Each structure stands twice: as structure tokens, then as C-alpha cells.
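Construct the complete structure from the given sequences, taking the supplied hints into account.
There are 4 protein chains.
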Amino acid sequence: MKIAFIGLGNMGGPMARNLLKAGHALTVFDVVQRNVDAMVALGAVAAGSAKHAAAEGELVITMLPSSPHVKSVYLGEDGVLAGARSGIPLIDSSTIDPHSAREVAAAAHTHGNPMADAPVSGGTGGAEAGTLTFMVGADPALFEFIRPILAQMGKNIVHCGGTGTGQVAKICNNMLLGISMIGVAEAMNLGASLGIEPKILAGIINTSSGRCWSSDTYNPYPGVTDNAPAARGYTGGFGTDLMLKDLGLATDAAKQAKQSVAMGAMAQQLYQLWSAQGAGGQDFSSIINLLKKPS
Amino acid sequence: MKIAFIGLGNMGGPMARNLLKAGHALTVFDVVQRNVDAMVALGAVAAGSAKHAAAEGELVITMLPSSPHVKSVYLGEDGVLAGARSGIPLIDSSTIDPHSAREVAAAAHTHGNPMADAPVSGGTGGAEAGTLTFMVGADPALFEFIRPILAQMGKNIVHCGGTGTGQVAKICNNMLLGISMIGVAEAMNLGASLGIEPKILAGIINTSSGRCWSSDTYNPYPGVTDNAPAARGYTGGFGTDLMLKDLGLATDAAKQAKQSVAMGAMAQQLYQLWSAQGAGGQDFSSIINLLKKPS
Amino acid sequence: MKIAFIGLGNMGGPMARNLLKAGHALTVFDVVQRNVDAMVALGAVAAGSAKHAAAEGELVITMLPSSPHVKSVYLGEDGVLAGARSGIPLIDSSTIDPHSAREVAAAAHTHGNPMADAPVSGGTGGAEAGTLTFMVGADPALFEFIRPILAQMGKNIVHCGGTGTGQVAKICNNMLLGISMIGVAEAMNLGASLGIEPKILAGIINTSSGRCWSSDTYNPYPGVTDNAPAARGYTGGFGTDLMLKDLGLATDAAKQAKQSVAMGAMAQQLYQLWSAQGAGGQDFSSIINLLKKPS
Amino acid sequence: MKIAFIGLGNMGGPMARNLLKAGHALTVFDVVQRNVDAMVALGAVAAGSAKHAAAEGELVITMLPSSPHVKSVYLGEDGVLAGARSGIPLIDSSTIDPHSAREVAAAAHTHGNPMADAPVSGGTGGAEAGTLTFMVGADPALFEFIRPILAQMGKNIVHCGGTGTGQVAKICNNMLLGISMIGVAEAMNLGASLGIEPKILAGIINTSSGRCWSSDTYNPYPGVTDNAPAARGYTGGFGTDLMLKDLGLATDAAKQAKQSVAMGAMAQQLYQLWSAQGAGGQDFSSIINLLKKPS
Numbered sequence: 001m002k003i004a005f006i007g008l009g010n011m012g013g014p015m016a017r018n019l020l021k022a023g024h025a026l027t028v029f030d031v032v033q034r035n036v037d038a039m040v041a042l043g044a045v046a047a048g049s050a051k052h053a054a055a056e057g058e059l060v061i062t063m064l065p066s067s068p069h070v071k072s073v074y075l076g077e078d079g080v081l082a083g084a085r086s087g088i089p090l091i092d093s094s095t096i097d098p099h100s101a102r103e104v105a106a107a108a109h110t111h112g113n114p115m116a117d118a119p120v121s122g123g124t125g126g127a128e129a130g131t132l133t134f135m136v137g138a139d140p141a142l143f144e145f146i147r148p149i150l151a152q153m154g155k156n157i158v159h160c161g162g163t164g165t166g167q168v169a170k171i172c173n174n175m176l177l178g179i180s181m182i183g184v185a186e187a188m189n190l191g192a193s194l195g196i197e198p199k200i201l202a203g204i205i206n207t208s209s210g211r212c213w214s215s216d217t218y219n220p221y222p223g224v225t226d227n228a229p230a231a232r233g234y235t236g237g238f239g240t241d242l243m244l245k246d247l248g249l250a251t252d253a254a255k256q257a258k259q260s261v262a263m264g265a266m267a268q269q270l271y272q273l274w275s276a277q278g279a280g281g282q283d284f285s286s287i288i289n290l291l292k293k294p295s
Numbered sequence: 001m002k003i004a005f006i007g008l009g010n011m012g013g014p015m016a017r018n019l020l021k022a023g024h025a026l027t028v029f030d031v032v033q034r035n036v037d038a039m040v041a042l043g044a045v046a047a048g049s050a051k052h053a054a055a056e057g058e059l060v061i062t063m064l065p066s067s068p069h070v071k072s073v074y075l076g077e078d079g080v081l082a083g084a085r086s087g088i089p090l091i092d093s094s095t096i097d098p099h100s101a102r103e104v105a106a107a108a109h110t111h112g113n114p115m116a117d118a119p120v121s122g123g124t125g126g127a128e129a130g131t132l133t134f135m136v137g138a139d140p141a142l143f144e145f146i147r148p149i150l151a152q153m154g155k156n157i158v159h160c161g162g163t164g165t166g167q168v169a170k171i172c173n174n175m176l177l178g179i180s181m182i183g184v185a186e187a188m189n190l191g192a193s194l195g196i197e198p199k200i201l202a203g204i205i206n207t208s209s210g211r212c213w214s215s216d217t218y219n220p221y222p223g224v225t226d227n228a229p230a231a232r233g234y235t236g237g238f239g240t241d242l243m244l245k246d247l248g249l250a251t252d253a254a255k256q257a258k259q260s261v262a263m264g265a266m267a268q269q270l271y272q273l274w275s276a277q278g279a280g281g282q283d284f285s286s287i288i289n290l291l292k293k294p295s
Numbered sequence: 001m002k003i004a005f006i007g008l009g010n011m012g013g014p015m016a017r018n019l020l021k022a023g024h025a026l027t028v029f030d031v032v033q034r035n036v037d038a039m040v041a042l043g044a045v046a047a048g049s050a051k052h053a054a055a056e057g058e059l060v061i062t063m064l065p066s067s068p069h070v071k072s073v074y075l076g077e078d079g080v081l082a083g084a085r086s087g088i089p090l091i092d093s094s095t096i097d098p099h100s101a102r103e104v105a106a107a108a109h110t111h112g113n114p115m116a117d118a119p120v121s122g123g124t125g126g127a128e129a130g131t132l133t134f135m136v137g138a139d140p141a142l143f144e145f146i147r148p149i150l151a152q153m154g155k156n157i158v159h160c161g162g163t164g165t166g167q168v169a170k171i172c173n174n175m176l177l178g179i180s181m182i183g184v185a186e187a188m189n190l191g192a193s194l195g196i197e198p199k200i201l202a203g204i205i206n207t208s209s210g211r212c213w214s215s216d217t218y219n220p221y222p223g224v225t226d227n228a229p230a231a232r233g234y235t236g237g238f239g240t241d242l243m244l245k246d247l248g249l250a251t252d253a254a255k256q257a258k259q260s261v262a263m264g265a266m267a268q269q270l271y272q273l274w275s276a277q278g279a280g281g282q283d284f285s286s287i288i289n290l291l292k293k294p295s
Numbered sequence: 001m002k003i004a005f006i007g008l009g010n011m012g013g014p015m016a017r018n019l020l021k022a023g024h025a026l027t028v029f030d031v032v033q034r035n036v037d038a039m040v041a042l043g044a045v046a047a048g049s050a051k052h053a054a055a056e057g058e059l060v061i062t063m064l065p066s067s068p069h070v071k072s073v074y075l076g077e078d079g080v081l082a083g084a085r086s087g088i089p090l091i092d093s094s095t096i097d098p099h100s101a102r103e104v105a106a107a108a109h110t111h112g113n114p115m116a117d118a119p120v121s122g123g124t125g126g127a128e129a130g131t132l133t134f135m136v137g138a139d140p141a142l143f144e145f146i147r148p149i150l151a152q153m154g155k156n157i158v159h160c161g162g163t164g165t166g167q168v169a170k171i172c173n174n175m176l177l178g179i180s181m182i183g184v185a186e187a188m189n190l191g192a193s194l195g196i197e198p199k200i201l202a203g204i205i206n207t208s209s210g211r212c213w214s215s216d217t218y219n220p221y222p223g224v225t226d227n228a229p230a231a232r233g234y235t236g237g238f239g240t241d242l243m244l245k246d247l248g249l250a251t252d253a254a255k256q257a258k259q260s261v262a263m264g265a266m267a268q269q270l271y272q273l274w275s276a277q278g279a280g281g282q283d284f285s286s287i288i289n290l291l292k293k294p295s
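Residue numbers (this note's numbering), protein chains in the order written: chain H, 1 to 295; chain S, 1 to 295; chain C, 1 to 295; chain X, 1 to 295.
Treat the hints with care, as some may be off.
To be clear about the criterion: a stretch of chain C counts as covered by chain S if any three or more of its residues have a C-beta under 8 Å from a C-beta of chain S, and this derived list gives those stretches [claimed, not checked]:
| hint | stretch |
| --- | --- |
| 1 | 273–282 |
| 2 | 287–293 |
If you want a taste of the chain S side facing chain X, the calculated C-beta under 8 Å gives, among others [said to hold, decoys possible]:
| hint | residue |
| --- | --- |
| 3 | Asn156 |
| 4 | Val261 |
| 5 | Ser275 |
Honestly, the hints are just simulated from the structure, not real lab data.
On a predicted model such as this, the values are computed, not experimentally measured, just so you know.
The beta-carbon is built from N, C-alpha and C at its ideal position, and this holds for glycine as well.
As C-alpha cells, then:
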């Protein structure tokens, strides 16, 4: 299929490469020329703007850093809607607030383009391996149409409901993740300072009611999970500042929905403290060190 | 074996019955005569005090509501240590703070009695079915000795380390549980108010990084988990006030250990609010209703 | 002076009346016709749009509910900048985020109009009595020029610094107020439940290091401050939902500034809980009832 | 008058000296011999135990670090009650939890001794200058009797109500203080990072609804209050660990009273974090540096 791919950064780059490998013809655009060049070297065609890229596609996929970028790339003068032929489906894989996602999708709809929000989880590792999870907000027909293409970049393609629900699923899951990680950090720290062996404590939690991904797969206490960031000085993984971004989206959405998220807001503040102490680039599980009593 | 069993309430009663069924000879004591009578009707022998009960046992098991009860039952004039022969092992299955557990165990040790702390999880259902989890703090030799007896009352018998670590494991796990449950409640409420179907959201979380027992086994949102308290008006299960007790133990222990537990403390305050609004006797997952925007 | 006044709601209406009383000639605009009619009855001239009102003024004053309104009223096709003659000073008395205030002021500056942000405190009572406090962000020359006009609507006219600092002062003060009020509520509730007479406790706090406006002037505990909202069932005063709006502005600004405001965020969540329980229209000091143990 | 004074540390030492200066005959006891020697050098008589000191007094005053000390000094074998003649009034100036204060007072009452709790504020500076505030829980007759003696060590002698209310007033005030200080820190940090001059912001707050002792008398932002600890690197003043102790007493008392203190608990956790980062000995207003974004 002829696909327009816009946004070729750490995530978009490997995603686009997997589409090339799968045999699609890509027209690409990115504000960073180096990212474009790398993709052209692999057989993609460069376009001079989002508009020109979109004009070449039977399908448009975007992967951008934040909501203002998405608005400008879709709604701007040289944007996707100005270029895409009517009827061409659009997929935005950026993580943004559900409100903006719905606003852009409504504009696309008016323009005659069905649009899906399809944020991902799985990080750069998942993008490269083609094992991302896609959380998709789209009409059923659109979902069925795009599912096989997404499956060339990921391994779990989940239909979350109508427009915007992909974003909703992503921020709700990540808010819970941010809370659980601090909960695990506090439980592990408390246990260790009260004299239980951390690995034994984790083992008990992992077979009890405290069981969670942050404990059994990604434990923040060094020496508990073999391949977690805690085993390599909190490098790699999912950065504190990325978690902070998602908690910002979640608490903003909660404010608009007039929904109390006391723990989510507290988590946001604690990651903010930790980021301000210089740990924005470390894996988010390093938050355990903000809370740990020095030994 | 001749076992002295002290404390025959909602948990201790069924635990003692399982020991009778397993063929042990029980001498029992409780301050509530009715509880004693019920056990005598099943073949136990009544004693007039903890001291007299302990004097009859080759092993002493206690199941009491709180730390002051444990101290008085063990250290009082008519208490266990005043009656138990030297060398007889003691098991306390109460949930109390690790500091008090260690204090009582040290007094027992001085008196010549090895002592284990062995708090349980699994609730009254687990006590009756004999499927409790025991978290045991004890020397290895003592653990090996008591393991088969505990196995007649439970199905997971976990060795957590030396004295007090059973309590540590219990309060750390339950603090994390209390936090996770609020996290799930906030995520489910937020998702629902932003338009995603709760059951779909839970499905996504349960296969993603937000996955936890509070979401996949005990989801607080009605209609998501078939047999959870949320499916029956938050009756049964683990009461808000019991969660509040455990969070009180955890934050107290954290204070003594000079360990920050910001989320644990916040969870304690939210369950306190909810209890004050009249929900102390409802299952703790009902906290979702404190946080839910009225529809 | 010929003044264009735009936004004639609960606050703007009485402010405009005070300017009429002071002898100014007002051209007014509001989207609610009834508000316009009331002002015309007092001698003002009605304009058909913000643009037309602005075209008639030697000074423009706006009083609007939120940041999107301010952007649209200033920057829209029929907006203030489209109508105001170059050089005419602009004053926005809305409470909005500092970032938006600076964005609009920059656009005004480009258009040749000096602009001040001048949010107020003092409520509708202060607006009617002409005793508002104005917190003004403006260049010194502009501040000196507008000070006498503001003094016809208020009694404290405070220069906070350059553009945007009026908004900064307002949200910082109100965030602290929102926190202090909950702090006082918790202290009063705790004291009362521990057996001290509330009025005596307040007296001690008011002469000690806990002293604050929320305790000595506006105490939330009934029977402590004679004329506070607590003395009249939490009617009148400053509504929970208004406090919630200001805490939303403060936490948003903190997010952009990457500044941790843990207590501010917690306050926001507690007022959100309280609002969801139906108290959005009550004075914000009624938050004491969210936290109070039922007696 | 012949006064027994027990506990001659940083606070008790200067208090006892002021009583000597006022002409009283002191019999003193402390576990640290050096403290006793210093007082003997000034004319006091040393006793070998709390019991022996109490036996010599027509009035007993104690100043001890914590609740276990108070219980042991009053109720122990060599304690005050074992020595004091019946009818002799007892004053405890320690800061402890109200529950323990009432327990000890009840034991004293049974023994025939009226007892007052009279914790102080004002720090070592106030103790030396004789300008302490005493918050007194006592029957009216006892209060009238001890007031003149307390007035020789302090300048504000406040009657808070019956037994225990002195402690209640102290912990409620200090909990509010701990909350307000963080609130001021957050407001000042936020304002500064949004571009308002800190001294101007403080000036506005101090004449507005955010006004409080932490802002107008003890501002944590350097350069705002001339003589506050912030002006001298957070030395002197009231240490982070002392604030932490008082917040621990307040949250414990709240737990027993089943009263939610969400902000008080959060403040406790933040001071705990700050103490763990090494600032336990700094003035508590240094908490601003935990929250401040590095510039």
C-alpha cells in the first residue's frame, strides 16, 4: 500500500522501517532532515511537507511528540488535511490528550477522512522489534481496515472503542502504572528497612494481593528482577520525564472531566520532584531512590 | 498434638476447627464465653485463662485483634509465658506491628520459648476453607517444625525470614494493595468518564503495565469482575476498616523506620475519609465510590 | 474618560457601575443581552461586538470567565485588537493562566497597544463596594496611567511587576489560601475531636505560629468567626468551584514551570472531591465538612 | 517555693535557671550528670532519682523528650508518683500525645496529685529569655495556682481547657504550621519560577487571604524576611526533625480519633523525605529547598 508516514523520531523511525520491510511504499516527512535521509536510504520517498506527504498516501500515519504538534501537522496550512484525498484513512499514533484527539478527528471527519487514534506502548525496543501494543480508538469498520497494517508494527492491536478511546486507555493505564510503581517502591523500601530480604518480599507480594507488573516484571529494587532497569542503574526503559508527561495528560483530562484523581496527582508531583533533582532521563522506576532512606 | 489455641473470633474460630478436624487435641481460651462453648461442643477443652491454656499445650497458637491484646495475652500475669513450659513453641497469627512482634518474641525467647509471627491473608473465607496464606517470621528450625501444622489451616506457608518478618511482609503487601486499589479506582473512574467502556479498559490494563490484582481479580468497578465484592454491593470481602488498620500499622512502622511512604499515607487518609462517611464495614474496593463523580 | 467595558457578569457588572458613578462614559459589550440592557439603563452605550466597543474607548477593560474567552475576545475577528486604535491601553481583569495572559499581551503589543493584566480579589461584595484588590502586571508607565481608574473600582492597587505578574500573584496567593483553609479545617476538626473547645483552639492558633487569614478572619469551624460563611451555612463567600478553578490554574502553571506543588495538587483533588459531592456552590471553607468525622 | 525540676536538657535547663533567678529552691534530677552539675553550680540541690527529687518539692515540673520518658519518669518504680506527697501539684511541660498525657494525669489523680500538661512553644531562645508560651491543660483551680510560676518562665500562659488540652493545642497548631510552611514554600517557588519578584509576592500575600505567620514572619524564601532562618542558611530556628516529631504526634492522635488529616499526613511525608535527604537538623523552613526546581 502507498503509505504517508509523518514523524520519524525514536518511535516513528523504527515503525516506518517495519512498514518498509513489510513491502509498503512510503512517502515520509519529518522536520529533522537527518531522519528523512535515513528513511530515504532504505527506499522511502521524501516529501517537502506533511501536506505533500499526505497527498501521496492511500493511508496516513503520524507519530508526533505532543498535542500542539498534532494539531499543527493535521490542521495547519501545509498539513495533512490540506493534502489528503477525501476518504483516505488517517492514523495518529502520538500520545496526546483525548480532548485534542477528538477535536482533530472531528475536523478530519468533516474533511471526509475517517481517523483513528492509536497510541502505543512498548517503547523504542518494541518499535524496533515490531512488538508494540496499539490502543486504537476508531469506528469498527476503520479498525478492521487498519488492523493488518498496525499488526506489521506491533503484536497487540486492541480496539478500545470510538474516537479518542485509544488515548483514554493509554493515559488511564499509565496513570495506574505511575501510581503502582511508587506503591511498590514504598513497600520495598519499607520492607527492607524493617529487615526483610527484598527478593523474598517481592516473591510474597507477587503471589499475593499486592501483585502487579511494577513488582513482578519491573521491580524497582535492585537485585529483584534480573532484566529490569534497576539491574542496570536505571538506564534504558521508560524515562521519568515521559511518565511525567503521561501523568500530566491524565490529570488534565481528569480536571476537564471533574474527576478526582488524588493518587494520580500525588504521583505526578513526586515524579516532578524527582525530575527536578536531575533524574528526568533515568527510568521512572528510579523514583525508589527519591523515597529511600540513605543507608 | 496437644495444642493451646487462644483467640476464637471470626478468624481464630475456623482456624481452630480445622485443627480439631485434623485430629489435634485443643485446649482453648477466649474472653467471649460463647466462642469457647462453640469450640467445646466440637471436642475442645476449655481453660480459664491464657496461662492455663498454654500450660496444657505442646504448642501455643494465638489469634488476637491488636498489639495491646498480644502483649497482654503473652506478657500478662495470667498470660502465655506465665503458663507455657520452657521449650514449647509459640505462634502468633495476629496482624500487629513488627516492633511489638519482636518485643514479645524476645520476651518469649528469654523465657525459653521459640516464637514465630505468622499473620495470615485470605479472610474468613480462607480460614474456613483452610486455604489461608501464612507469612511466617521464624528461625529455620522453628519454621520447619510448625509448617505442617500451619498447612492444616492454610495452603501457602511462606517463610519470610527471622522474627517479625511475617508482620513486615503482611503490612508491606497490604499497604501496596491499599494503594493499588485506589489507583485502579481512579483509572477506572477516569476512563469511564472519558467514554471508554469499563470492561474494555480493564481488559487493556490487565494485559498491560497497569496490570495488578486489584484490577484483574478484584476490580472495584461494578460489572468488570464477576465474583468481586463490586458485583454484590461491596458486601463480604475485606472491610474498609480492616484496610485502615493495616495502613495504620504500615505508616506507624514507616515512622519508626524513618521511611517516607507518601502514597501509603495518602491511601490511609482516603480510606479514613471513606470510613467516616459510613463505609467502614463495606469491602475496601468500595473506595471507588468516594472518588466517583456522581453521574 | 471614554472607556470600553467588555464582560458584564457578576463581577464586571458592578465594576462598570462604579466607573459610571465616577463620571466616565462607557461603551459596553456582553454576550448576555440582559447584562447590556441593565448597563444601558444606567447611562452606558451598547456596542454590537467587542471590536465595536473597543473602537469607542480611550481605554479598554475586560472581565471574562476564562482563558479561551480572553483569547477569543482579544484575538478574534470581532475582537478588541481588531477595533482598538493603536496606542489605546488595555486592561484584562479576568483570572487566567499567566502564560495566556502573556501571549495576549504580546499580541496587543505587536498591535501597538500596551496591555496590563489586573485580576482582582474581594468577590462580588468587593466589586459592588468598590473595595477590590487589583494585582497588576504592567510596565511602570502603564501602571501609573491606569492606577487612578482602577482606584475607582478598588481600594488596593498593587503593582506586581511586568506583564503576567498580576496573574502570577493571584494564583500563588489563592493556591496558598486553598491549602491553608484545608490545614485550618484539619487542625480545628482534630482539636475538636480531641476535646478542646474550638473557639479556644482558634484563639491560641491566632496568636501562635499557625496564625493565618483562614483561621483568624474566615475560620471554617462554625461558631468561631462571627461573620464568616461558616456562621451562615457556608452561603455567600468564595465558592468551592471558584477555588477549584484557581487551583487548576496554579497546578497547570506549575506543570509548565516544572515546579512541584504537592500540597497545591492535593488541595485541588480534595476540593474536586468536595465539589463532586455536591458542594461546588458552597463557600470553599465548607471543605471542613468533607473532612469532619460525623459526630 | 520548693520546686522539684526533672529534665534539664536544652529546654529544661534554661527554664530551671529562670526559676532559680526568681528565687525558688530547686531540687533537680536528670539522667545526664553534666546537666545536674551545671544546675547545682547555680544553687540547686541534686537528687538521685525522679522519686527523690519529687519528694522534696511543693511542686513538680518535668520537661522530657517523649511519651515513653514521661510514662517512665512518672509511673516507674523510682518515679515522681512514688515520691511526691499527696496533694502536691505536678506540671509536665513535655510535648507528647494527648492520650498519654491523659493517662499519666489519671494515674496522678488516683495518687492524690492534681496534674497539668503545659507544653511550650518558643524554642531554646524563648526558654532562655523567659518568653515561652505555655499551653496549659488543667482544672481551673490548678491553672490559677500554677499560672504565676509558669509566668516566671514564659510570657503567654494560655488556659486551653481540661487535662490533655494543652497537648491538643500544641499539636494542632504545629500541624497547621507544618502545612502552611509547605504551602508558602510552594507559592513562593511557583511565583519565582513564573517571574514575579519574591519580595513583592510575599508583600501581596501578606496583605491578602494567603497571609500567615509562615509568610509574614518566617518566610522560607531567602531575602524576604530579614531575621528568619532563611536569611542565615536555615540554621537556628525549629528543626525539621522537631517538626517531624510533632506531625507524628498529630497524625497518631488523628488516627486514634478517626479523623482524616490528609494535608497533615502529606506534610509529615514531605518533611520525612527532606530529613532523609540530610536536612533533619536544618530549620524546617528549609523544606523550600526540597521543592525548589534547581535554577
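* Hint numbers contradicted by this structure -> Structure breaks hint 3 only.
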